[in-house]
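Asker: Protein sequence lines, in the order shown, are assigned to chains A and B.
Counted the way my numbering counts, the first sequence spans residues 1 to 541.
Counted the way my numbering counts, the second sequence spans residues 1 to 333.
Just so you know, these hints were derived from the structure itself, not from any lab.
You may find that some hints are simply not true.
Pairwise CB distance ranges (calculated) [as the list claims (entries may be wrong)]:
hint	chain 1	residue 1	chain 2	residue 2	range
1	B	Asp63	A	Asp240	40 to 50 Å
2	A	Arg428	B	Tyr25	26 to 36 Å
3	A	Thr285	B	Tyr290	30 to 40 Å
4	A	Glu174	B	Thr69	48 to 58 Å
5	B	Arg8	A	Gln211	37 to 47 Å
6	B	Leu307	A	Asn523	43 to 53 Å
7	B	Ile164	A	Glu541	27 to 37 Å
Bear in mind that the values here come from a model prediction, so they are computed numbers and not experimental data.
Ideal placement from N, C-alpha and C gives every residue a C-beta, glycine not left out.
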Amino acid sequence: MNRSMHWLAPIPLVLALVVAGCSSGDGDDPPDGEPAAQSAGGAFSVSSSEPEAFAPTSNCYSSDCAQIINLVWTGLLKVDPETSEQELQVAESIESEDGQNWTITLKDGFTFHNGEPVDAASFVRSWNHTAYGPNATQVGFFLANVEGYDDLQGENPKAEEMSGLTAPDDRTIEVALTKPFSQFPLVLSYTPLSAPMAQECLDDLAACNEQPIGNGPYEFAEPWAHNDAITLSKYADYSDDASAGLADEIEFKIYADLKTAYRDFQAGNLDIVDPDPSQTPQARTAYPDQILEVDRGGFAYFGFPLYEEEFQDVRIRQALSMAIDREAIIARVLDNRYEAATDVIAPFVPGSRDDACDTCVYDPEEAQRLFEEAGGIPGNKINIWFNNDGGHEDWVQAMAQGWQNDLGLEYEFKSQPFTPYLGALDTRSTVDGPFRLSWGPDYPSPQNYLDPVYGSGSSNYGDWSGPEHDQFLDLVAEGDAAPTVEEGLPSYQAAADVVLDNQVVIPLWFDKTFIVFSEKIENLQFSPTDQMLLTEVSVAE
Amino acid sequence: MGPYAVRRVLQFIPVLIGTLFLLHYMTVLSFQINGNPVRALFGDRQPPPETIAALTRAFGLDDPCLEQTGNPCIGMFVERMTGYFGGDFGVDFNQQPVVDLIKRAAPVTLRLTLLAIVFESVVGILAGVLAGLRKDRFADNFVRVVTVLAISVPIFVLGVLTQIVFGLYVGNWVRDRGAPDWVQAIFSVSYQSDFPWASLVIPAMVLGATTLGVVARMTRTGLIESLRSDYVRTGKAKGLKSRRIVGIHALRNCLIPVITLIGIDIGTLMAGAIVTEGIFNIPGIGGLVYRAAVTGETAIIMAVVPLLVLVYLVASLLVDLLYAVLDPRIRYG
Numbered sequence: 001m002n003r004s005m006h007w008l009a010p011i012p013l014v015l016a017l018v019v020a021g022c023s024s025g026d027g028d029d030p031p032d033g034e035p036a037a038q039s040a041g042g043a044f045s046v047s048s049s050e051p052e053a054f055a056p057t058s059n060c061y062s063s064d065c066a067q068i069i070n071l072v073w074t075g076l077l078k079v080d081p082e083t084s085e086q087e088l089q090v091a092e093s094i095e096s097e098d099g100q101n102w103t104i105t106l107k108d109g110f111t112f113h114n115g116e117p118v119d120a121a122s123f124v125r126s127w128n129h130t131a132y133g134p135n136a137t138q139v140g141f142f143l144a145n146v147e148g149y150d151d152l153q154g155e156n157p158k159a160e161e162m163s164g165l166t167a168p169d170d171r172t173i174e175v176a177l178t179k180p181f182s183q184f185p186l187v188l189s190y191t192p193l194s195a196p197m198a199q200e201c202l203d204d205l206a207a208c209n210e211q212p213i214g215n216g217p218y219e220f221a222e223p224w225a226h227n228d229a230i231t232l233s234k235y236a237d238y239s240d241d242a243s244a245g246l247a248d249e250i251e252f253k254i255y256a257d258l259k260t261a262y263r264d265f266q267a268g269n270l271d272i273v274d275p276d277p278s279q280t281p282q283a284r285t286a287y288p289d290q291i292l293e294v295d296r297g298g299f300a301y302f303g304f305p306l307y308e309e310e311f312q313d314v315r316i317r318q319a320l321s322m323a324i325d326r327e328a329i330i331a332r333v334l335d336n337r338y339e340a341a342t343d344v345i346a347p348f349v350p351g352s353r354d355d356a357c358d359t360c361v362y363d364p365e366e367a368q369r370l371f372e373e374a375g376g377i378p379g380n381k382i383n384i385w386f387n388n389d390g391g392h393e394d395w396v397q398a399m400a401q402g403w404q405n406d407l408g409l410e411y412e413f414k415s416q417p418f419t420p421y422l423g424a425l426d427t428r429s430t431v432d433g434p435f436r437l438s439w440g441p442d443y444p445s446p447q448n449y450l451d452p453v454y455g456s457g458s459s460n461y462g463d464w465s466g467p468e469h470d471q472f473l474d475l476v477a478e479g480d481a482a483p484t485v486e487e488g489l490p491s492y493q494a495a496a497d498v499v500l501d502n503q504v505v506i507p508l509w510f511d512k513t514f515i516v517f518s519e520k521i522e523n524l525q526f527s528p529t530d531q532m533l534l535t536e537v538s539v540a541e
Numbered sequence: 001m002g003p004y005a006v007r008r009v010l011q012f013i014p015v016l017i018g019t020l021f022l023l024h025y026m027t028v029l030s031f032q033i034n035g036n037p038v039r040a041l042f043g044d045r046q047p048p049p050e051t052i053a054a055l056t057r058a059f060g061l062d063d064p065c066l067e068q069t070g071n072p073c074i075g076m077f078v079e080r081m082t083g084y085f086g087g088d089f090g091v092d093f094n095q096q097p098v099v100d101l102i103k104r105a106a107p108v109t110l111r112l113t114l115l116a117i118v119f120e121s122v123v124g125i126l127a128g129v130l131a132g133l134r135k136d137r138f139a140d141n142f143v144r145v146v147t148v149l150a151i152s153v154p155i156f157v158l159g160v161l162t163q164i165v166f167g168l169y170v171g172n173w174v175r176d177r178g179a180p181d182w183v184q185a186i187f188s189v190s191y192q193s194d195f196p197w198a199s200l201v202i203p204a205m206v207l208g209a210t211t212l213g214v215v216a217r218m219t220r221t222g223l224i225e226s227l228r229s230d231y232v233r234t235g236k237a238k239g240l241k242s243r244r245i246v247g248i249h250a251l252r253n254c255l256i257p258v259i260t261l262i263g264i265d266i267g268t269l270m271a272g273a274i275v276t277e278g279i280f281n282i283p284g285i286g287g288l289v290y291r292a293a294v295t296g297e298t299a300i301i302m303a304v305v306p307l308l309v310l311v312y313l314v315a316s317l318l319v320d321l322l323y324a325v326l327d328p329r330i331r332y333g
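Generate coordinates for the entire structure from the input sequences, incorporating the hints supplied.
Answerer: Given below as structure tokens:
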């Protein structure tokens, strides 16, 4: 009965197709030319999630859109991830006598991709649009300390332009702040916030979002293909050699699932990929020399509800911090993707120290001693709060078991999705135990790790208050008022010490990038606030 | 048949309005219980209240009734429906009009669904006929084993396995040998917009595998039963060719449940392709709904889900009308 073999018939057909295709591969080798300096030219592709928005750039408050905005727009300045020094870009100088009134002078020659000049008006236009309340931009609040910002808020604002923002001539911007703030230039280094806006873009924001008009080294080669790809090509009239890109073309391939992106990388369709955490071990073995692991700046910590009586004794808080074996959890549960915290300020930020936190070292005996000395926790049981949609279960479990082993403490998990979790934190009364949070930096300043996290109008969910808190606020204000970034550092470090001495939070770890790149990618660097520095990537033949 | 179809179409209206209201009430309740989803956009950073307020206004979520748990927010519902009739379906959290999102996602999902339906009905019915005609022989046993596998292996396992084996290993082998682009696109890890059909072939096979198994088994059982019936015996006695007996008489009768299954599957595939779309990075409706459900983007859920309900309704109407074609005893007055 050979007819029962008929189901096999399609297979030779497939093979035939494959064999027929064999001949068409070779033939288009690039011509052998002189190797260019830093090998400019070539193309490469990068994985991305669907970006949020491009126009106005101030609607972008996440890494995927920021990565692309950093290529399509050039901001006033950038901060070098290795030296932490400021590199001026469109700005020729950013100066202030008193830290409160700033004068920004612009370089000549920058143009938008449509030919419009990049002048002071293009920045003023952009920042006023960002700050205007009814526009509901996501990063507008970064400008809250500019004079006149308040007049632009609410449903029907009094004004459309901030009184503290003026352009006396084409190349000068003057900014008046409500109080001195030495870190203001660092705030401006966040390009989605400070990027200029072309008049044509403001006239039709919807069109500009699909085919952005920037002033950066790369422009959109074709409109944004949603959920599919974004192709950038070099902007021919880019005037600034220092920040120009090397590659001719950069393609962002958009993935809904990081696992698929990594498999596409394995199949040779992608050059730079950020794999799913579950793929980390496999990638470590398969591409040991093609991984970029550097500080990403994210700070993971557990906060304390300081309004609850059982957490008001500092020894209890210290005991809980010292009973966490950070190194072991990172190695066994977190695939070595993190670095144990030694400070509340991330390592890449100037002023960060590698020995600031004494209670971040695992010491079960001392933890037990402090815990008993303070009389323990009533009922010997705590509730541990975290959100259950961010992959935190495993390490929280490991941490809690450590507390159980070392302190004999019983625990219960109070986990819920992120939105209701944040709602519970916002009440500042519902949460009755240590709560998980993490902090990502907006600009590379120690101030950014202090004031927004523990300050008064911010993520101070534990309701830290009292004389130490006032001391902390004074020290931060002192740092803000310093004439330069460097001179503010000692005050910020002292402020960090107040946080650590009072164990306001349990510092856990800082996250690291895990970026895998193909063999043709050279000189891939990462900056926690600017994402990957793709203009500096060169493509090997 | 005409009046019947009109009556059925008219019945769509209350079903759709009911769906819309239920959805509206569920999203309102979710807001009231879980809190404002705008807040989660900022992650762990607590933005100033005026930023939250401005964004909440921009997304049309500033109605005071959203503060009162249990309040069905009738006013908001009426406002929404008025907008829908005017063609305004709102914007998502990235300020993109929901209509644009649907316009981009729907064609991809339609192609995927079409390929999956063709695959499962053609291959499924053929396999069922083959197995039914050769009951208990090799072909039958083979079909039975394969279909049990297709039905019982969860789709995410099948999807990932197929992706690794065909997309990665076979794909790399094919690429190394410089096969034509469209062949490479068939064996690719993810969807490629340059090859909108070829790169959907393997995902469609994964998507249609489960139903294919059921279709094959139903066809097989139905055919075996019909072949034993009186009219087949009569046909044989009259000397009809066996091709005509099987194709026209036996098969046509046993296809009614199979057609029902495939018809309902159109709706399931449109909405239920979430897993497959996720694995193969296909920018379709499933992924859109999934994202909206996770982030609480009411505007997307409110627009897409009624659309899926409509697809179900139309598909089941078409199935009912097809009954009359397949079975002469069924008439619609």
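Asker: Next, verify each hint and record whether it holds.
Answerer: Cross-check of the supplied hints:
1. For B/Asp63 and A/Asp240, the hinted distance range of 40 to 50 Å is satisfied, since their beta carbons lie about 48 Å from each other.
2. Between A/Arg428 and B/Tyr25 the Cβ separation comes to about 30 Å, which falls inside the hinted range of 26 to 36 Å.
3. Against the hinted window of 30 to 40 Å, the Cβ-Cβ separation of A/Thr285 and B/Tyr290 comes to about 31 Å, which satisfies the hint.
4. Between A/Glu174 and B/Thr69 the beta carbons are some 50 Å apart, a value that agrees with the proposed interval 48 to 58 Å.
5. A C-beta distance of roughly 45 Å is found between B/Arg8 and A/Gln211, which places it inside the suggested range of 37 to 47 Å.
6. The beta-carbon spacing between B/Leu307 and A/Asn523, approximately 48 Å, falls within the hinted interval of 43 to 53 Å.
7. A beta carbon spacing of about 30 Å between B/Ile164 and A/Glu541 agrees with the range 27 to 37 Å that was offered as a hint.
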